[in-house]
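Asks: Residue numbers (the working numbering), protein chains in the order written: chain L, 3 to 212; chain W, -5 to 431.
What the hints contain is simulated information worked out from the structure, not anything from laboratory work.
Covered, in the sense of this in silico footprint (three residues per stretch, anywhere, with C-beta under 8 Å from a C-beta of chain W), are these stretches of chain L:
hint: 1; segment: 29 to 41
hint: 2; segment: 44 to 58
hint: 3; segment: 123 to 136
Think of the CB as a built atom: it goes at the ideal place given N, C-alpha and C, for glycine as much as any other residue.
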Amino acid sequence: MTTLTRQDLNFGQVVADILCEFLEVAIHLILYVREVYPSGIFQKRKKYNVPVQMSCHPELNQYIQDTLHCVKPLIEKNDAEKVVVVIMDKEHHPVERFVFEMSQPPLLSISSDTLLSHVEQLLRAFILKISVCDAVLNNNPPGCSFTVLVHTRDAATRNMEKVQVIKDFPWIVADEQEVHMQEPRLIPLKTMTSDIVKMQLYVEERAQKT
Amino acid sequence: MDELYLDNIDEFVNDHDKIVTYKWLSLTLGVHVNTAKQMLYHYLDHKRKESSAPLHATYLVSGKFVDNGQTSHKVSVVKEDQLEDVKSKMSLIVSVHVYSVQKALLKDSGPLYGVDYDAVKDNLKNCSRYSAIRCASAVPRSSVELQQARHTQLAPAPEPEHKKSATNGDATPASKPSTKPQKGIMGMFANKSALKNQDSGKEVKSEQKEDAPVVDEPKSKPAAKANPMMNFFGTQAAKKPEKTVKQEEAAPSSSSAEQQRPSSQPEETHAAAAAPPKNSKKDSRSKTKRLEDSDSEEEKMDKKKRRRIKKPEPDSSDEDVIPDSPQQMETREASPSPKKKAEPVSQSHGNCEMKMRKKRRVLKSRTFVDDEGCIVTEKGYESESYSEAEDDVPKDPIPAKRPASSKPDEKKSQKKASANSNKGTKQASIMGFFQKK
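Produce the entire structure from the sequences given, and follow the hints as far as they go.
Replies: Following this line, the structure appears as structure tokens:
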């Protein structure tokens, strides 16, 4: 029954690792389920003991990994309020936004030995929910693309610009048109609460997609 | 009472957007599986008549299937639109029933497994409570019988050991070595993981004294078990389980080093080497909870398994066979003789040959980005000086140590050639996932 605080950087890194792994799997799954890319590039792999679909395309994988690599320091310091996967149509107007809202308690504490397995169970439920989300969403128009936005604090933005975590992978402040959607409909998908993180996933969908 | 279930299923499907499989329904409502299947069928029927919201269903079809003259019994889960198609292809249909009902059209069968996973895990001891498969004589052993079975296993005998290694593919559940890993799994569920690890670690140490090869087998099983547990806790996880796992790992690794010398019969060790890979594969399939990282698990698998997979590739790609380092001699009989052949060849320092290897080979792990842009971690034999092998990407400091054999320009050009020809030498690493379709 140990109590580790955020100053114990080891544990903060563990939490950030877990969340970034989860986000990577979730992004791949969203791309598969919403048919942003043809399903031929996806392959079944195993995560949290359930099958998930991950892409095989090396550039796509590299892009997602670089994105999350830059987001990880923000999560470590609990600066990332939301991580948003935006699906945009051909004119770069957002059509759907998958919002992962997360917050970590200021005093992280491991209160049970089964903490990690409990977290795994909750993340598994998220994965399952994403797999069936097309029951509640309308189909997207063809030719969509995606991008990842992070909502964070001003100071953290300045840090990110100062320290380029990955070379040639700059982060820029998002355009107004990418952030706001016309007539959004909000569809909550899943919420989880655990000792290390509280996360909520909901989808904002544009009322008219085509 | 009879109509309540329709409302229940309705709530699950429409309000919670769940995928309702018959297994999940039977465990949730506490009914026999056949009842659950009928419930789903009636619900589907009912809703289709009302024609409110579109519902999708998957079916389980099983029957005899004739394929090129071979008759086989085929069981498959199919989507509704493929149902008639599959039914017509079967020669004899044994059973058709609803597998699941959901609102979303599933693109693949992955979520169906995930739905049942948690429900089955919660009822692990009696998940067949409502099942239709029964065998009257299959009764779990009592603890007294388990103790007796353990005592008989302790006496090592060559014949049972041969039999055990041959049949090890089908897990003998009552044997002593497998109860120790089982303790390991259940220990993760309970709060006594630390105690149990230490116990099994001590038992492993006491067995070390016995000189029989049968001990080699159970060693590798706890070793294979220790590795998933290490993966489960991650790289920088809680310190307590790490310590106990390290204790257990230290015991098997030292004992396996000891056992390798005395075991001289290649057949036995071959069988024993075959058994641990099977067991570690089985372990990876079993439901041990771990935040799985397929990279680290493959890296931490038995040295023997890695060697066995690595061997055929260099054999096929090289004229000169790789010389082994001394501890690995017992896995293949062929290796000692090519080693002697390679030593004088390498000493003659023929650097014009493309595929020559130096005599000192060290097992190293390299992470690099190959030409496809995928990150590959490979365990390979790297020589101390430059090497022209296909799967080696030589590093700069290594040739710097051997100024006598310096030809840096040649090495660089061969490095490019080796990077280009990297495609042919993929071994069982993460690249196994990236197979070209």
